[in-house]
Amino acid sequence: MARWVIHLDLDAFYASAEQLTRPTLAGRPVLVGGLGPRGVVAGASYESRAFGIKSAMPMAQARRLLPANGVIVPPRFRVYERLSQEVFAVVSAVAPVLEKISLDEAFAEPPSLVGASFDAVTEFCASLRARIRAETGLVASIGAGNGKQIAKIASDEAKPDGLLVVPQGTEREFLAPLPVRALWGIGPVAEGKLRFIGVQTLAQLAALSEQDAVATLGGVIGRDLRRLATGADDRPVAGRAETKQVSAETTFDTDIKDLPTLRAEVRRIAAGAHQRLLKAERVARTVVIKLRHTDMHTVTRSETISAPTDDLAELAATAERLLLDPAEFGGIRLAGVAYSGLSVPHQDALFTLAAPAAPATSTVVTAATPAPSAPSEWRQGDDVVHEEFGTGWVQGAGHGRVTVRFEHRSSGPGAARTFPQTDPALTRGDPGDCLK
Numbered sequence: 000m001a002r003w004v005i006h007l008d009l010d011a012f013y014a015s016a017e018q019l020t021r022p023t024l025a026g027r028p029v030l031v032g033g034l035g036p037r038g039v040v041a042g043a044s045y046e047s048r049a050f051g052i053k054s055a056m057p058m059a060q061a062r063r064l065l066p067a068n069g070v071i072v073p074p075r076f077r078v079y080e081r082l083s084q085e086v087f088a089v090v091s092a093v094a095p096v097l098e099k100i101s102l103d104e105a106f107a108e109p110p111s112l113v114g115a116s117f118d119a120v121t122e123f124c125a126s127l128r129a130r131i132r133a134e135t136g137l138v139a140s141i142g143a144g145n146g147k148q149i150a151k152i153a154s155d156e157a158k159p160d161g162l163l164v165v166p167q168g169t170e171r172e173f174l175a176p177l178p179v180r181a182l183w184g185i186g187p188v189a190e191g192k193l194r195f196i197g198v199q200t201l202a203q204l205a206a207l208s209e210q211d212a213v214a215t216l217g218g219v220i221g222r223d224l225r226r227l228a229t230g231a232d233d234r235p236v237a238g239r240a241e242t243k244q245v246s247a248e249t250t251f252d253t254d255i256k257d258l259p260t261l262r263a264e265v266r267r268i269a270a271g272a273h274q275r276l277l278k279a280e281r282v283a284r285t286v287v288i289k290l291r292h293t294d295m296h297t298v299t300r301s302e303t304i305s306a307p308t309d310d311l312a313e314l315a316a317t318a319e320r321l322l323l324d325p326a327e328f329g330g331i332r333l334a335g336v337a338y339s340g341l342s343v344p345h346q347d348a349l350f351t352l353a354a355p356a357a358p359a360t361s362t363v364v365t366a367a368t369p370a371p372s373a374p375s376e377w378r379q380g381d382d383v384v385h386e387e388f389g390t391g392w393v394q395g396a397g398h399g400r401v402t403v404r405f406e407h408r409s410s411g412p413g414a415a416r417t418f419p420q421t422d423p424a425l426t427r428g429d430p431g432d433c434l435k
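The numbers in numbering that gives the first Met the number 0 rise by one with no breaks, and the one at position 352 of the sequence shown is 351.
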């Protein structure tokens, strides 16, 4: 009987969540991220992507590309986590077992689709997309096929706001023209190895002999990737346990015998583990290093930092502090870096101030001319509550004043009002308040 796996991916999730819960941002170029010297784009709306802005781009570069009506806001992970829970509650109602990849992405194998026709699967997925939008306000793209690989690629092809079902028996034809990087498991290194032997498409990878695939990519990996390129994929969809640790390690071709070389390698390994930390959408409290001596003796050392973070510079510096000098310890044949003590990054206040939003008509609450004011405690993007006007968010602050846009998910675009920054009626709000 036909097996059907679906892959669901929320479109531009972080930026879409901001547009949903702050309705004046709807239809505008929105970036989510920090503006510090190492700030990067954590999320970009499709309106901003039209200007060449992408996730993971340095924020300084993205800001130069952002049009005048663009808005930059700091991440609010508590909001994203709540919205993710709402979406997956909808999906779980029709697909009890979910393999969640991140807050905005998951696989499912709905029991009702076992042996279903192409038309029935298409109708199921269209109905699910409609339910997600109606019940949460978010847009999901869905791909469906005979396995996880086909479903994932199909959802990528369906973006934005689309649906693509790959008919049973057409998998190889569907994959054939795609570049090898479209396949999960093929990164820059594997792509380079395949290009070296003239393989650039999945059709060419599928046509390789198993012997050539193994010789180029390695034993199990070579066989598996070649098989996936043919459209065969029987991997189960299974619920995933909460990530407790992410790590990366390298066995060196020759033992490392000096500290500068070891530091350089550990920085590289720390960056690899950091990518997995970002993929898991977590921050880490503890850094662990593993060093294996030439004689196979292994030492691990760890340090717990003051606050959870996903800042690569801090994590890598901590890993370097834990290193042992090979001149004293002896040659190092393997080094690894792990991050543990993981949590959802709720420290929203750590992100840098965002650029002001486009001007809007405001109603000003008058007050006596204040004395020279202290630096504002408010920053753009803060969630606030006012005794009279309710839930809102800070559009701008300075010179003793704070301008607040009062709106939430179901309010529609709200009015902006300006207050003295010390107004006792204005207090910090819970980010979840915007979801009502």
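None of these hints come from the bench; they were simulated from the model.
Mixed in with the good hints there might be a few duds.
Unchecked claim - Taking lysine-lysine pairs in the DSBU-like style, the calculated list, with each CA pair at most 30 Å apart, reads:
no., residue 1, residue 2
1, Lys192, Lys278
2, Lys289, Lys243
3, Lys158, Lys289
4, Lys435, Lys278
5, Lys158, Lys435
* Verify the proposed pairing of Lys158 with Lys435, using a straight-line Cα cut of 30 Å. => Judged against 30 Å, a Cα distance of about 28 Å means the pair holds.
* Would you mind confirming whether the straight-line C-alpha gap from Lys435 to Lys278 stays at or under 30 Å? => holds (28 Å)
* Lys158 and Lys289: Cα distance at most 30 Å? -> violated (41 Å)
* Measure nothing beyond the straight line between the CA atoms of Lys192 and Lys278; if it is 30 Å or shorter, mark the hint as holding. => holds (25 Å)
* Hey, Lys289 versus Lys243, does the alpha-carbon distance stay inside 30 Å? -> Status holds; Cα separation ~17 Å.
Consistency note: the structure conflicts with earlier hint 3 alone.
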